[in-house]
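Visitor: With the hints as extra help, turn the sequences into a complete structure.
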Amino acid sequence: MLDLVTIGQSVIDSALANEEIEAYLVRESETAIRVYESDVESLTSADSSGIGIRIVSQKRVGISYAGTLEPDEIARAVAEARDNARFGSADPYAGVASPDDVAPANLDVWANDLGATSTQAKIDAAMSLEKATLSLDKRIRSLNSANYGDVSAEAAVLNSRGVVAYTRQTYCWAWVYALASQNEETQTGYGMHASRDFAGLDIEHAANEAAKKATRMLGATKPTSGLFRAVFEPDISSALISIISSTLSAESVQKGRSIFAGRLGESVAAAELTLVDDPTDKRFFSAASFDDEGLASRRNVLIENGELKSFLYDSYTGRKDDHPSTGSAIRGGIAGSISPGPRATMLAAGDASPEEIVAKVNDGVLIQSISGIHSGVNPISGDFSVGAEGIQIRNGELQGAIKEFTIASNLQKMLKDIVSVGSDLTFRPGGSAGVTLAIDNINVSGS
Amino acid sequence: MLDENLISKVIQSALARGGDFAEIFVEEKSNFSASLDDSLIEELTSGTSRGAGIRVRFGETTGFAHTADLSESSLIKAAQAAASLARNSTQRVAQVALTPRHFVPLDPSKQAPNSTPKDNKIALLMRLDAAGRSAGAAIRQVSAGYADSMRRFIVANSEGTFVEEEQVRTRISISCVALGDTGMQTGYETAAMTMGFELFDETDLEELAQKAAMRAIQKLSARPTPSGQLPVVLNGQGGGVLFHEACGHGLEADHIVKDSSVYTGRLGELVASPLVTLLDDGTVRNQWGTYGYDDEGNAAKKNVLIQDGVLVDYMWDHTQGERQSRSSSGNGRRQSYAHLPMVRMTNTYLMPGQQTPEEIIADTERGIYVAKLGGGQVNTATGDFVFGMTEAYLIENGQITAPLRDANLIGNGPEVLANIDAVADDFAIVPGTCGKDGQSVPVGCGQPTLRITKVTVGGTASA
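Chains as they are written, first to last, in our numbering: chain A, 1 to 447; chain B, 1 to 463.
Incorrect hints may have been included.
Below, a list of computed lysine to any residue pairs in the SDA-like style, where the Cα atoms sit at most 20 Å apart [unchecked claim]: (1) A:K282 to A:A75; (2) B:K29 to A:A75; (3) A:K413 to B:A137; (4) A:K255 to B:A137; (5) B:K258 to A:Y190; (6) A:K309 to A:R299; (7) A:K282 to A:Y190; (8) A:K255 to B:V312; (9) A:K360 to A:R299; (10) B:K110 to B:G183; (11) A:K255 to B:R140; (12) B:K436 to A:Y190; (13) B:K258 to B:V312; (14) A:K416 to B:G183; (15) B:K436 to A:V301; (16) A:K416 to A:V301; (17) A:K255 to B:T182; (18) B:K436 to A:P429.
These are calculated hints, taken from the structure and not from any lab test.
Guide: Structure below.
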């Protein structure tokens with residue numbers, strides 16, 4: 001099997017005169033196992049590969065892709081991208097990335113044990129997750145499924161300006177969705193654990209989390225409406241951080257779609273808040289030495305002590321603003337277009353433990369799950385309104401479970417209303433880390 | 001794509017070590033899209049993916065493998081991988097001879113996407129941009145997207161099914177950003193049908209752009225949305241995502257079989273207001289969730305789920321049907337050859353009632369009028385669901401008054417369905433994308449104008 005860089009080089013060599021060309025190649029192996037009532041419900045194992053081509057000709061962009069690396073299909077994709085480029089609008093800033101002098105971080109994010117572990121051992125992991133979760137509490141009546149999954153992925157980006165980048169990574173995860181019942185009532189809880197290597201996978205962690213979340217919701221009531229302090233658990237804050245970071249894309253700013261346009265140097269958040277995007281931090285499952293345009297990943301401070309410091313650039317938005325790329329190009333798969341965005345964002349951790357943060361709340365809510373992010377969060381207007389489940393907090397103590405309510409505010413306001421950032425940075429698959437986060441003035445809508 | 005003998009050989013190979021059922025799904029999908037932003041045609045993207053997914057079932061276990069390489073050796077290798085868990089199986093089924101159902105296109109007058117020049121597709125985006133920008137000085141940004149896809153597949157199985165299907169889908173959308181003293185607001189509109197370029201013979205692009213732009217401009221003067229429980233009137237043109245979330249997912253048989261739906265065991269019972277008659281119908285001509293055959297080779301059907309408030313049936317695919325010794329209801333779908341099929345909705349809609357929309361609004365003292373719904377999400381085990389509103393107004397003394405900011409609404413499925421107290425005689429189906437277990441498929445959601453006596457509205461102002 002030819003390596004991705006060799007295949008990519010042959011594509012680059014096929015460029016016509018006065019044409020810029022970029023090839024993005026991927027090859028991956030995946031396993032997905034679902035267990036239900038001690039049977040393997042489904043087992044998927046597959047290898048896949050593909051290529052995305054970007055051609056820039058006379059400052060016009062054309063894109064094409066193929067879900068295979070067969071030479072004929074690649075040649076067809078190149079021809080198609082070339083044809084597509086004839087129809088784009090001429091844009092003086094269009095082009096592929098030029099190599100810069102930033103050295104790539106040497107990241108070891110590949111584990112050999114995933115490929116070496118037998119399918120049976122992976123099935124056993126999912127089986128033991130089911131068994132462990134069911135045995136934790138009598139009220140756990142069933143699991144929707146217990147799952148194991150892993151991915152080993154390689155990617156290469158090459159272009160006709162001399163960029164050659166290759167990355168590879170692995171990770172595996174186990175997740176379970178538990179149903180707890182008592183007196184005709186059912187509540188649910190999700191638990192998961194992820195690891196680079198099979199040896200590091202912590203089944204007990206996922207089981208405990210699902211069981212705890214499902215059982216503690218039993219007896220939940222609908223809260224009364226009002227204005228409260230909300231304490232977001234790490235899984236939830238990571239979703240908030242990812243939405244907020246996405247508004248710092250230079251593309252949104254240049255197109256007049258960011259709530260932060262024209263606000264560099266201003267105070268946009270509470271003074272406690274420092275937001276960093278750093279794909280060279282290998283604790284992130286999204287860590288990689290290069291971005292999706294083949295430039296070295298780098299650490300970018302976006303907000304420092306509440307002050308807006310930087311936006312996220314790829315090469316195109318960088319040329320437009322005369323600003324270097326921040327190594328933030330993201331591609332939505334082989335067929336996706338390229339734009340700058342957050343790749344590995346985290347808040348600088350604070351000093352307080354989750355328990356200490358809860359202890360300081362007189363009257364508030366702990367949020368353990370949210371729903372309707374797509375329909376309820378508008379990063380352009382900043383309006384924020386999502387469904388939630390959690391636990392009521394009174395006088396610093398966790399009280400009864402609450403459900404079927406919404407929480408609402410506005411993203412700009414929420415940044416200013418952050419009162420504490422926890423010490424418990426939590427890394428899960430995805431582009432942002434979570435941390436216990438307390439925010440004031442959240443509207444709870446219930447009964 | 002593949003000849004019948006090879007398909008037969010692959011199925012035999014998948015069952016070589018035993019098993020109850022084997023299937024091969026061969027798919028070729030071509031996509032084209034063009035995007036406009038900031039008045040520039042940013043890029044055109046096109047591509048093809050092709051491959052086969054093979055599954056083998058033995059007892060409760062399904063083995064699945066897929067490959068992009070359609071050579072005989074690669075398909076046999078995938079069949080063996082799918083069958084790898086079957087080694088202990090003593091079950092053996094004989095393969096039934098394939099009986100090809102020769103492909104008849106649903107609508108032969110289709111203007112196939114690949115026969116339409118790219119210039120014509122781009123011209124649509126330019127028209128949307130011009131119309132959006134001319135709608136008002138407050139419009140500061142317009143983006144628009146065009147996409148078409150041609151999906152062909154063959155699905156064949158050990159029960160003798162051999163079906164060939166072709167699905168052509170075309171979609172256009174526009175998003176406008178308006179700027180005012182109160183900040184930025186957005187408006188979005190889309191038209192999407194299971195048909196070719198003839199979609200644009202019947203779509204008024206200027207009206208579409210105007211609607212999106214006005215939605216953004218209106219919201220510049222929007223008030224904070226109330227927080228708390230209120231009567232809500234949903235416009236019949238605004239999308240039927242309420243039913244998709246409040247009961248659609250909960251009526252999918254995979255949730256029922258695992259007792260992880262609030263509708264489990266409730267067949268024959270009153271689960272909604274008697275005004276509710278709900279269908280899932282994959283046969284509505286040209287709608288976004290329409291097809292001839294599902295991704296397991298069963299013909300799309302018009303299925304009544306709830307009749308006058310009484311639960312009549314769930315939705316089924318092959319696997320869940322087998323577990324309950326019944327046939328599929330034509331709801332087995334998958335995102336692509338690389339995904340396992342599961343129970344999915346098609347076009348889910350509420351049947352119209354007797355009242356006029358105007359009567360329902362006039363009869364509402366105070367509440368919320370939702371002109372356009374956003375997406376939603378449900379927890380089928382608890383029945384709690386949310387759905388968004390992207391254009392809404394206050395109702396005061398039976399009149400539609402001030403525009404409101406975007407928010408989510410939250411409710412519990414069976415409670416909300418019981419609280420529907422008025423259903424109008426208008427009706428529309430709106431296209432959407434449904435996500436489940438990481439797979440996205442096109443669906444339609446439809447309803448007439450209706451009123452719910454009480455739903456929790458997730459705003460920031462006092463109710």
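Visitor: State for each hint whether it applies.
Guide: Verification of the supplied hints:
Proposed proximity of K282 (chain A) and A75 (chain A) is contradicted: the alpha carbons are some 36 Å apart, above 20 Å. A threshold of 20 Å between alpha carbons decides the hint, and for K29 (chain B) with A75 (chain A) the separation of about 18 Å falls inside it, so the pair holds. Only pairs whose Cα atoms come within 20 Å are accepted, and K413 (chain A) paired with A137 (chain B) is rejected, the gap being roughly 28 Å. For the proposed pair K255 (chain A) and A137 (chain B), the alpha carbon gap of about 16 Å is at most 20 Å, so the pair holds.
With a C-alpha separation of about 16 Å, the suggested pairing of K258 (chain B) with Y190 (chain A) holds against the 20 Å cut-off. In summary, the hint linking K309 (chain A) to R299 (chain A) is supported, as the alpha carbons are separated by about 13 Å, within the 20 Å threshold. Simply put, K282 (chain A) and Y190 (chain A) have alpha-carbon atoms about 25 Å apart, too far for the 20 Å limit, and the pair is violated. Restraint check: the Cα-Cα separation between K255 (chain A) and V312 (chain B) comes to about 51 Å, which exceeds 20 Å; the hinted pair is violated.
Of the supplied pair hints, the one linking K360 (chain A) and R299 (chain A) is violated, its CA atoms being roughly 33 Å apart against a limit of 20 Å. With a CA separation close to 44 Å, the supplied pair K110 (chain B) and G183 (chain B) exceeds the 20 Å bound. Proximity of K255 (chain A) to R140 (chain B) is assessed by CA-CA distance (about 9 Å); at most 20 Å being required, the pair is judged to hold. With a CA separation close to 16 Å, the supplied pair K436 (chain B) and Y190 (chain A) stays within the 20 Å bound.
The suggested pairing of K258 (chain B) with V312 (chain B) holds, with an alpha-carbon distance near 19 Å, which does not exceed 20 Å. Annotation: proposed proximity of K416 (chain A) to G183 (chain B) holds, straight-line Cα distance about 17 Å (limit 20 Å). With a CA separation close to 35 Å, the supplied pair K436 (chain B) and V301 (chain A) exceeds the 20 Å bound. Our distance criterion of 20 Å between C-alpha atoms is met by K416 (chain A) and V301 (chain A), whose separation comes to about 18 Å.
About 18 Å separates the Cα atoms of K255 (chain A) and T182 (chain B), which keeps this hinted pair within 20 Å; it holds. As the CA atoms of K436 (chain B) and P429 (chain A) are separated by approximately 19 Å, the hinted pair is consistent with the 20 Å bound.
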